[in-house]
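So in the working numbering the end of the sequence shown lands on 841, straight run, no missing numbers.
Hints listed in this document are in silico derivations from the structure and should not be mistaken for laboratory results.
A couple of the hints might just be wrong.
Lysine to aspartate or glutamate pairs mimicking EDC-like chemistry, simulated, CA-CA at most 20 Å apart [said to hold, decoys possible]: (1) Lys-676 / Glu-771; (2) Lys-700 / Glu-771; (3) Lys-676 / Asp-605; (4) Lys-700 / Asp-546; (5) Lys-676 / Asp-546.
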Amino acid sequence: MIQYAAILLTAVAIVLFVTPLVRSAATRFGVTDSPNARKVHANPVPLLGGMAIWAGFVLTLLLFDTAPFVQQFGSIIVGATVASLVGLWDDRWGMKPAFKLFGQIVAAGLMVAFGTSVHFLHNDVLNTAATILWVVGITNALNLMDNMDGLAGGVATWAAFFIFLLAMMSGQRLVAPFALALAGACIGFLYYNFKPGHIFMGDTGSLFLGFLLSAVALKLRFPVLYDPITGVPIDHQAVTWVIPLLVLGLPIFDTTLVSISRLRRGLPITRGGRDHTSHRLVALGATRREAVLILYLVCCLLGVAAITVMNIGVTEAQVLAGLVGVLATVAFWRLEQVPLIDTNPKVVEPQGRPQFGPRR
(Lines of atoms letter the chains of each structure in order from A and count residues from 1; the text may use other names and numbers.)
(Lines give C-alpha, C1' and ligand atoms only; values in the text may rest on other atoms or scores of the structure.)
Protein backbone atom coordinates (compact mmCIF):
# COMPACT_ATOMS: atom_id res chain seq x y z
CA MET A 1 0.00 0.00 0.00
CA ILE A 2 2.95 2.33 0.51
CA GLN A 3 3.79 2.09 -3.18
CA TYR A 4 0.20 2.84 -4.16
CA ALA A 5 0.18 5.89 -1.90
CA ALA A 6 3.45 7.01 -3.47
CA ILE A 7 2.00 6.65 -6.98
CA LEU A 8 -1.07 8.69 -6.07
CA LEU A 9 0.87 11.47 -4.35
CA THR A 10 3.50 11.61 -7.10
CA ALA A 11 0.87 12.09 -9.79
CA VAL A 12 -0.86 14.79 -7.73
CA ALA A 13 2.41 16.61 -7.06
CA ILE A 14 3.56 16.58 -10.69
CA VAL A 15 0.28 18.02 -11.95
CA LEU A 16 0.24 20.65 -9.20
CA PHE A 17 3.70 21.75 -10.33
CA VAL A 18 3.17 21.55 -14.10
CA THR A 19 -0.30 23.13 -14.37
CA PRO A 20 0.80 26.75 -13.68
CA LEU A 21 3.54 26.36 -16.30
CA VAL A 22 1.04 25.08 -18.85
CA ARG A 23 -1.37 27.86 -17.94
CA SER A 24 1.29 30.48 -18.61
CA ALA A 25 2.20 28.89 -21.93
CA ALA A 26 -1.44 28.71 -23.02
CA THR A 27 -1.93 32.39 -22.20
CA ARG A 28 1.26 33.38 -23.99
CA PHE A 29 0.41 31.52 -27.18
CA GLY A 30 -3.26 32.44 -27.15
CA VAL A 31 -4.65 28.96 -26.55
CA THR A 32 -7.65 30.13 -24.59
CA ASP A 33 -11.38 29.53 -24.43
CA SER A 34 -13.05 32.81 -25.29
CA PRO A 35 -16.47 33.80 -23.91
CA ASN A 36 -19.55 33.59 -26.10
CA ALA A 37 -23.30 33.11 -25.74
CA ARG A 38 -22.92 29.45 -24.80
CA LYS A 39 -20.32 29.96 -22.08
CA VAL A 40 -20.46 31.14 -18.51
CA HIS A 41 -17.01 32.69 -18.11
CA ALA A 42 -16.70 36.40 -18.89
CA ASN A 43 -12.98 36.44 -19.71
CA PRO A 44 -10.75 34.14 -21.78
CA VAL A 45 -9.58 31.11 -19.80
CA PRO A 46 -6.39 29.21 -20.71
CA LEU A 47 -6.82 25.76 -22.19
CA LEU A 48 -4.26 22.94 -22.38
CA GLY A 49 -4.72 21.74 -18.81
CA GLY A 50 -4.78 18.31 -20.40
CA MET A 51 -1.05 18.65 -21.05
CA ALA A 52 -0.46 18.82 -17.30
CA ILE A 53 -2.66 15.75 -16.77
CA TRP A 54 -0.71 13.90 -19.48
CA ALA A 55 2.62 14.88 -17.89
CA GLY A 56 1.54 13.86 -14.40
CA PHE A 57 0.21 10.51 -15.54
CA VAL A 58 3.04 9.53 -17.88
CA LEU A 59 5.89 10.76 -15.66
CA THR A 60 4.44 8.92 -12.66
CA LEU A 61 4.31 5.67 -14.61
CA LEU A 62 7.88 6.17 -15.80
CA LEU A 63 9.04 6.62 -12.21
CA PHE A 64 7.32 3.40 -11.11
CA ASP A 65 7.78 1.50 -14.37
CA THR A 66 8.33 -2.22 -14.89
CA ALA A 67 8.83 -4.13 -18.12
CA PRO A 68 5.56 -6.13 -17.80
CA PHE A 69 3.70 -2.88 -17.28
CA VAL A 70 5.04 -1.40 -20.52
CA GLN A 71 4.16 -4.58 -22.37
CA GLN A 72 0.59 -4.52 -21.04
CA PHE A 73 -0.17 -0.82 -21.31
CA GLY A 74 2.25 0.70 -23.83
CA SER A 75 -0.29 0.54 -26.64
CA ILE A 76 -2.95 2.20 -24.46
CA ILE A 77 -0.64 5.08 -23.57
CA VAL A 78 0.37 5.54 -27.21
CA GLY A 79 -3.25 5.54 -28.35
CA ALA A 80 -4.27 7.96 -25.60
CA THR A 81 -1.39 10.27 -26.51
CA VAL A 82 -2.51 10.31 -30.15
CA ALA A 83 -6.05 11.15 -29.01
CA SER A 84 -4.64 13.93 -26.83
CA LEU A 85 -2.69 15.35 -29.77
CA VAL A 86 -5.90 15.41 -31.79
CA GLY A 87 -7.47 17.37 -28.96
CA LEU A 88 -4.47 19.70 -28.80
CA TRP A 89 -4.86 20.54 -32.48
CA ASP A 90 -8.55 21.22 -31.93
CA ASP A 91 -7.85 23.44 -28.93
CA ARG A 92 -5.27 25.49 -30.82
CA TRP A 93 -6.55 25.68 -34.39
CA GLY A 94 -9.97 24.07 -34.38
CA MET A 95 -10.99 20.90 -36.17
CA LYS A 96 -14.09 19.66 -37.94
CA PRO A 97 -15.95 16.93 -36.03
CA ALA A 98 -15.35 14.41 -38.82
CA PHE A 99 -11.58 14.88 -38.66
CA LYS A 100 -11.63 14.68 -34.88
CA LEU A 101 -13.58 11.43 -35.07
CA PHE A 102 -11.15 10.04 -37.63
CA GLY A 103 -8.23 10.87 -35.35
CA GLN A 104 -9.88 9.04 -32.47
CA ILE A 105 -10.50 5.99 -34.65
CA VAL A 106 -6.84 5.99 -35.67
CA ALA A 107 -5.79 6.19 -32.01
CA ALA A 108 -8.09 3.31 -31.08
CA GLY A 109 -6.89 1.32 -34.08
CA LEU A 110 -3.27 1.72 -32.95
CA MET A 111 -4.18 0.32 -29.56
CA VAL A 112 -5.98 -2.65 -31.09
CA ALA A 113 -3.10 -3.32 -33.49
CA PHE A 114 -0.80 -3.85 -30.50
CA GLY A 115 -3.10 -6.34 -28.82
CA THR A 116 -5.57 -4.50 -26.59
CA SER A 117 -9.05 -5.59 -27.59
CA VAL A 118 -12.18 -7.37 -26.44
CA HIS A 119 -12.44 -11.08 -27.23
CA PHE A 120 -15.97 -12.11 -26.29
CA LEU A 121 -17.35 -12.06 -29.87
CA HIS A 122 -15.06 -14.88 -31.08
CA ASN A 123 -14.41 -13.06 -34.35
CA ASP A 124 -11.41 -10.80 -34.90
CA VAL A 125 -13.22 -8.32 -37.13
CA LEU A 126 -16.19 -7.99 -34.77
CA ASN A 127 -13.91 -7.73 -31.74
CA THR A 128 -11.92 -4.95 -33.40
CA ALA A 129 -15.07 -3.07 -34.37
CA ALA A 130 -16.55 -3.44 -30.89
CA THR A 131 -13.32 -2.23 -29.26
CA ILE A 132 -13.04 0.84 -31.47
CA LEU A 133 -16.74 1.65 -30.98
CA TRP A 134 -16.38 1.38 -27.20
CA VAL A 135 -13.20 3.46 -26.99
CA VAL A 136 -14.38 6.19 -29.36
CA GLY A 137 -17.79 6.29 -27.69
CA ILE A 138 -16.44 6.70 -24.15
CA THR A 139 -13.77 9.14 -25.32
CA ASN A 140 -16.43 11.42 -26.77
CA ALA A 141 -18.73 10.87 -23.81
CA LEU A 142 -16.14 12.25 -21.40
CA ASN A 143 -15.38 15.06 -23.83
CA LEU A 144 -19.06 16.06 -23.73
CA MET A 145 -18.99 16.04 -19.92
CA ASP A 146 -16.39 18.79 -19.84
CA ASN A 147 -19.04 21.50 -19.53
CA MET A 148 -18.70 22.81 -15.96
CA ASP A 149 -15.76 23.55 -13.71
CA GLY A 150 -14.52 20.35 -12.11
CA LEU A 151 -17.04 18.05 -13.76
CA ALA A 152 -15.04 16.03 -16.29
CA GLY A 153 -11.99 15.89 -14.02
CA GLY A 154 -14.06 14.77 -11.06
CA VAL A 155 -15.97 12.13 -13.03
CA ALA A 156 -12.67 10.78 -14.37
CA THR A 157 -11.23 10.75 -10.84
CA TRP A 158 -14.08 8.67 -9.44
CA ALA A 159 -14.13 6.30 -12.41
CA ALA A 160 -10.36 5.74 -12.15
CA PHE A 161 -10.61 5.24 -8.39
CA PHE A 162 -13.28 2.56 -8.70
CA ILE A 163 -11.33 0.84 -11.48
CA PHE A 164 -8.41 0.81 -9.05
CA LEU A 165 -10.58 -0.82 -6.36
CA LEU A 166 -11.96 -3.39 -8.80
CA ALA A 167 -8.44 -4.22 -9.96
CA MET A 168 -7.21 -4.60 -6.38
CA MET A 169 -10.11 -6.86 -5.44
CA SER A 170 -9.46 -9.10 -8.44
CA GLY A 171 -5.69 -9.21 -7.95
CA GLN A 172 -4.70 -7.21 -11.04
CA ARG A 173 -1.50 -5.62 -9.83
CA LEU A 174 -0.74 -3.92 -13.14
CA VAL A 175 -4.16 -2.36 -13.73
CA ALA A 176 -4.32 -0.95 -10.19
CA PRO A 177 -1.32 1.45 -10.38
CA PHE A 178 -2.36 2.53 -13.88
CA ALA A 179 -5.79 3.59 -12.62
CA LEU A 180 -4.39 5.17 -9.46
CA ALA A 181 -1.88 7.29 -11.39
CA LEU A 182 -4.74 8.52 -13.55
CA ALA A 183 -6.83 9.38 -10.49
CA GLY A 184 -3.91 11.27 -8.95
CA ALA A 185 -3.33 13.30 -12.12
CA CYS A 186 -7.00 14.30 -12.16
CA ILE A 187 -6.95 15.27 -8.47
CA GLY A 188 -3.97 17.53 -9.03
CA PHE A 189 -5.73 19.23 -11.93
CA LEU A 190 -8.96 19.69 -9.97
CA TYR A 191 -7.10 21.97 -7.56
CA TYR A 192 -6.95 24.53 -10.38
CA ASN A 193 -10.14 23.59 -12.20
CA PHE A 194 -12.80 23.23 -9.53
CA LYS A 195 -15.06 26.28 -9.47
CA PRO A 196 -13.88 28.83 -10.24
CA GLY A 197 -11.72 27.21 -12.90
CA HIS A 198 -8.45 29.02 -13.58
CA ILE A 199 -7.60 26.66 -16.45
CA PHE A 200 -9.60 24.22 -18.57
CA MET A 201 -8.37 20.80 -19.62
CA GLY A 202 -9.64 21.33 -23.16
CA ASP A 203 -9.99 18.53 -25.66
CA THR A 204 -6.30 17.82 -25.00
CA GLY A 205 -7.33 16.51 -21.60
CA SER A 206 -10.86 15.21 -22.08
CA LEU A 207 -9.96 13.03 -25.07
CA PHE A 208 -6.91 11.73 -23.20
CA LEU A 209 -8.91 10.86 -20.09
CA GLY A 210 -11.79 9.33 -21.99
CA PHE A 211 -9.46 7.15 -24.04
CA LEU A 212 -7.55 5.93 -20.98
CA LEU A 213 -10.68 5.13 -18.98
CA SER A 214 -12.32 3.23 -21.82
CA ALA A 215 -9.16 1.27 -22.54
CA VAL A 216 -8.22 0.35 -18.98
CA ALA A 217 -11.82 -0.76 -18.36
CA LEU A 218 -11.22 -3.38 -21.07
CA LYS A 219 -8.28 -4.67 -19.05
CA LEU A 220 -10.39 -5.54 -16.03
CA ARG A 221 -10.65 -9.27 -15.36
CA PHE A 222 -12.81 -10.81 -12.69
CA PRO A 223 -12.24 -13.92 -10.56
CA VAL A 224 -14.20 -17.10 -11.15
CA LEU A 225 -16.95 -17.58 -8.59
CA TYR A 226 -18.05 -20.97 -7.29
CA ASP A 227 -21.39 -22.10 -5.98
CA PRO A 228 -20.98 -22.32 -2.17
CA ILE A 229 -22.97 -25.57 -2.01
CA THR A 230 -22.00 -27.55 -5.10
CA GLY A 231 -18.59 -26.03 -5.74
CA VAL A 232 -19.46 -25.69 -9.44
CA PRO A 233 -18.06 -22.58 -11.20
CA ILE A 234 -20.68 -19.89 -11.77
CA ASP A 235 -20.94 -18.30 -15.20
CA HIS A 236 -20.32 -14.83 -13.80
CA GLN A 237 -19.49 -13.48 -17.25
CA ALA A 238 -23.23 -13.25 -17.74
CA VAL A 239 -23.14 -10.12 -15.57
CA THR A 240 -19.52 -8.92 -15.27
CA TRP A 241 -19.79 -7.28 -18.70
CA VAL A 242 -22.01 -4.68 -17.06
CA ILE A 243 -19.29 -3.58 -14.59
CA PRO A 244 -17.47 -1.21 -17.01
CA LEU A 245 -20.86 0.19 -18.04
CA LEU A 246 -21.64 0.98 -14.41
CA VAL A 247 -18.25 2.56 -13.65
CA LEU A 248 -18.59 4.80 -16.72
CA GLY A 249 -22.35 5.01 -16.48
CA LEU A 250 -22.63 8.77 -16.01
CA PRO A 251 -20.80 9.78 -19.23
CA ILE A 252 -22.80 7.13 -21.10
CA PHE A 253 -26.06 8.45 -19.63
CA ASP A 254 -25.21 12.08 -20.39
CA THR A 255 -24.22 11.35 -23.98
CA THR A 256 -27.40 9.35 -24.56
CA LEU A 257 -29.53 12.12 -23.06
CA VAL A 258 -27.88 14.86 -25.10
CA SER A 259 -27.93 12.87 -28.35
CA ILE A 260 -31.60 11.96 -28.14
CA SER A 261 -32.56 15.44 -26.97
CA ARG A 262 -30.76 17.13 -29.86
CA LEU A 263 -32.17 14.71 -32.42
CA ARG A 264 -35.64 15.34 -31.03
CA ARG A 265 -35.14 19.09 -31.43
CA GLY A 266 -33.64 18.77 -34.89
CA LEU A 267 -30.14 19.83 -33.83
CA PRO A 268 -26.86 18.20 -34.87
CA ILE A 269 -25.39 16.02 -32.15
CA THR A 270 -21.95 17.58 -32.59
CA ARG A 271 -23.25 21.08 -31.89
CA GLY A 272 -22.58 22.45 -28.41
CA GLY A 273 -25.45 23.43 -26.16
CA ARG A 274 -26.73 23.91 -22.63
CA ASP A 275 -28.61 20.63 -22.57
CA HIS A 276 -26.34 18.32 -20.59
CA THR A 277 -27.27 16.57 -17.36
CA SER A 278 -25.43 19.21 -15.35
CA HIS A 279 -27.28 22.08 -17.02
CA ARG A 280 -30.63 20.41 -16.46
CA LEU A 281 -29.84 20.05 -12.76
CA VAL A 282 -29.14 23.79 -12.65
CA ALA A 283 -32.44 24.41 -14.40
CA LEU A 284 -34.12 22.39 -11.65
CA GLY A 285 -32.73 24.74 -9.03
CA ALA A 286 -29.22 23.55 -8.16
CA THR A 287 -26.22 25.85 -8.29
CA ARG A 288 -23.42 24.88 -10.65
CA ARG A 289 -21.31 23.63 -7.75
CA GLU A 290 -24.23 21.64 -6.36
CA ALA A 291 -24.87 20.12 -9.79
CA VAL A 292 -21.25 18.98 -10.02
CA LEU A 293 -21.32 17.52 -6.51
CA ILE A 294 -24.59 15.70 -7.23
CA LEU A 295 -22.99 14.09 -10.27
CA TYR A 296 -19.96 13.14 -8.17
CA LEU A 297 -22.37 11.34 -5.84
CA VAL A 298 -23.95 9.54 -8.79
CA CYS A 299 -20.48 8.38 -9.90
CA CYS A 300 -19.83 7.02 -6.40
CA LEU A 301 -23.13 5.14 -6.30
CA LEU A 302 -22.50 3.61 -9.71
CA GLY A 303 -19.00 2.58 -8.60
CA VAL A 304 -20.40 0.92 -5.50
CA ALA A 305 -22.96 -0.87 -7.68
CA ALA A 306 -20.12 -2.14 -9.91
CA ILE A 307 -18.22 -3.52 -6.91
CA THR A 308 -21.41 -5.13 -5.61
CA VAL A 309 -22.09 -6.82 -8.95
CA MET A 310 -18.61 -8.35 -8.85
CA ASN A 311 -19.16 -9.86 -5.41
CA ILE A 312 -22.69 -11.25 -5.47
CA GLY A 313 -24.44 -14.09 -7.26
CA VAL A 314 -25.54 -13.93 -10.87
CA THR A 315 -29.25 -13.60 -10.12
CA GLU A 316 -28.72 -10.89 -7.53
CA ALA A 317 -26.36 -9.06 -9.88
CA GLN A 318 -28.90 -9.17 -12.69
CA VAL A 319 -31.55 -7.75 -10.36
CA LEU A 320 -29.22 -4.95 -9.28
CA ALA A 321 -28.25 -4.14 -12.86
CA GLY A 322 -31.93 -4.09 -13.81
CA LEU A 323 -32.71 -1.73 -10.93
CA VAL A 324 -29.97 0.65 -12.06
CA GLY A 325 -31.40 0.52 -15.56
CA VAL A 326 -34.88 1.39 -14.30
CA LEU A 327 -33.56 4.31 -12.23
CA ALA A 328 -31.58 5.56 -15.23
CA THR A 329 -34.71 5.41 -17.38
CA VAL A 330 -36.73 7.38 -14.83
CA ALA A 331 -33.97 9.98 -14.51
CA PHE A 332 -33.72 10.21 -18.30
CA TRP A 333 -37.47 10.82 -18.62
CA ARG A 334 -37.48 13.44 -15.85
CA LEU A 335 -34.46 15.34 -17.15
CA GLU A 336 -35.76 15.31 -20.70
CA GLN A 337 -38.86 17.18 -19.45
CA VAL A 338 -36.74 20.10 -18.23
CA PRO A 339 -37.45 23.15 -20.44
CA LEU A 340 -34.36 24.45 -22.18
CA ILE A 341 -33.40 27.75 -23.70
CA ASP A 342 -31.15 27.01 -26.63
CA THR A 343 -28.31 29.36 -27.50
CA ASN A 344 -29.11 29.03 -31.20
CA PRO A 345 -31.55 31.88 -31.93
CA LYS A 346 -33.15 29.83 -34.69
CA VAL A 347 -34.08 27.04 -32.31
CA VAL A 348 -35.51 28.35 -29.06
CA GLU A 349 -37.83 26.44 -26.79
CA PRO A 350 -40.39 28.88 -25.43
CA GLN A 351 -40.27 27.89 -21.77
CA GLY A 352 -37.51 27.51 -19.23
CA ARG A 353 -34.85 29.74 -17.83
CA PRO A 354 -31.21 30.50 -18.67
CA GLN A 355 -28.75 27.82 -17.72
CA PHE A 356 -25.08 27.95 -16.96
CA GLY A 357 -23.57 26.37 -19.96
CA PRO A 358 -20.76 24.37 -21.38
CA ARG A 359 -17.53 25.69 -22.66
CA ARG A 360 -17.99 23.72 -25.86
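Structure-based check of all given hints:
1. Lys-676 / Glu-771: holds (11 Å)
2. Lys-700 / Glu-771: violated (33 Å)
3. Lys-676 / Asp-605: violated (45 Å)
4. Lys-700 / Asp-546: Holds - the C-alpha atoms of Asp-546 and Lys-700 are around 18 Å apart, at most 20 Å.
5. Lys-676 / Asp-546: violated (34 Å)
When each numbered hint is compared with the structure, violations occur for hints 2, 3 and 5.
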